[in-house]
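Undergrad: The sequence shown begins at -2 in the working numbering and counts up by one.
Treat the hints with care, as some may be off.
Unchecked claim - Computed cross-link-like contacts, DSBU-like style, restricted to lysine-lysine with a CA-CA straight-line distance of at most 30 Å: (1) K7 with K229; (2) K264 with K7; (3) K25 with K7; (4) K7 with K85; (5) K25 with K229; (6) K270 with K229.
What the hints contain is simulated information worked out from the structure, not anything from laboratory work.
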Amino acid sequence: MTLAFYNYYKNAEAYENEYRSSSWPGLKITAHDQHIRAASPAAASALSSAVYGGGMLELDRIFNIYVDRQYRCDDPPRDIERSLNEWKEQLDQCAGLLTAVRLEHTSIQEYTSEAFGILCCTTAGVSNAARAGSARTVFDTEGNEAVAVGSLKSTTQSHFTKSYIPGTINVMLWLNGRMTSGAMVNAIQTAVEAKAAALADFGVADSENGLLATGTTTDAIVLAVSQVHEHKPLIAYAGTATVIGAAIGRLVYDTIMESLQAGQQWKERNRVK
């Protein structure tokens, strides 16, 4: 098991709240009461779907923030900003993710080669699992519930509907190496394919239609690339047939599986459905 912070959260082992990367010198991940903080000593180029700090940006920190299953809010960025202020963190050059997964189920794995190094940090919860491409409840940009895929009819205001309940698979990928912007997009694509494969192998079903899920309704991913080491090759491709793509796929797959297994075992021990 590579649940780096299990003893910190489960057994109150305060000295086990820190993980230092072997693939990215200076990258440190720390566990706190309500969040996981990953920080690099220098800013990295990032591509992110995070609710706070999404898009293409320079960042040196990523936060995975725990919220309980009763969390309902139509403005998560505001809540994340409040938390960052409370923790006396700078508001720029960072990304913030939200999760209802127990933080002791955070899985971290790494891969290092002469050309690059990768750290993957994942929390995986699937209470709101969904299958892309299937007919299911959807929402417009205002948060109004629509009838189904293919229908533009809206019903009532529903900012607090079940599809906004955080379950969520959150993936942080820290890549110590050099990549083109196209390769960064390719890396995200490969990571998402690996996520879908992990859910299929774990037997996760869409919470509405029972079909095999490809993700959840609130998944997020952040890829941060150091873009240093000029002697290292510039990576232009990151698909499944490349060394880097294979490494990304393996790490994402394995960390998702491990986090899901930890969550399932916790539910069995505590007789939670």
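Undergrad: Now tell me, hint by hint, if it's right for this structure.
TA: Outcome of the hint check:
no.: 1; hint: K7 with K229; verdict: violated (40 Å)
no.: 2; hint: K264 with K7; verdict: holds (14 Å)
no.: 3; hint: K25 with K7; verdict: holds (21 Å)
no.: 4; hint: K7 with K85; verdict: holds (26 Å)
no.: 5; hint: K25 with K229; verdict: holds (22 Å)
no.: 6; hint: K270 with K229; verdict: violated (48 Å)
In this structure, the earlier hints numbered 1, 6 are contradicted, and the remaining ones agree with it.
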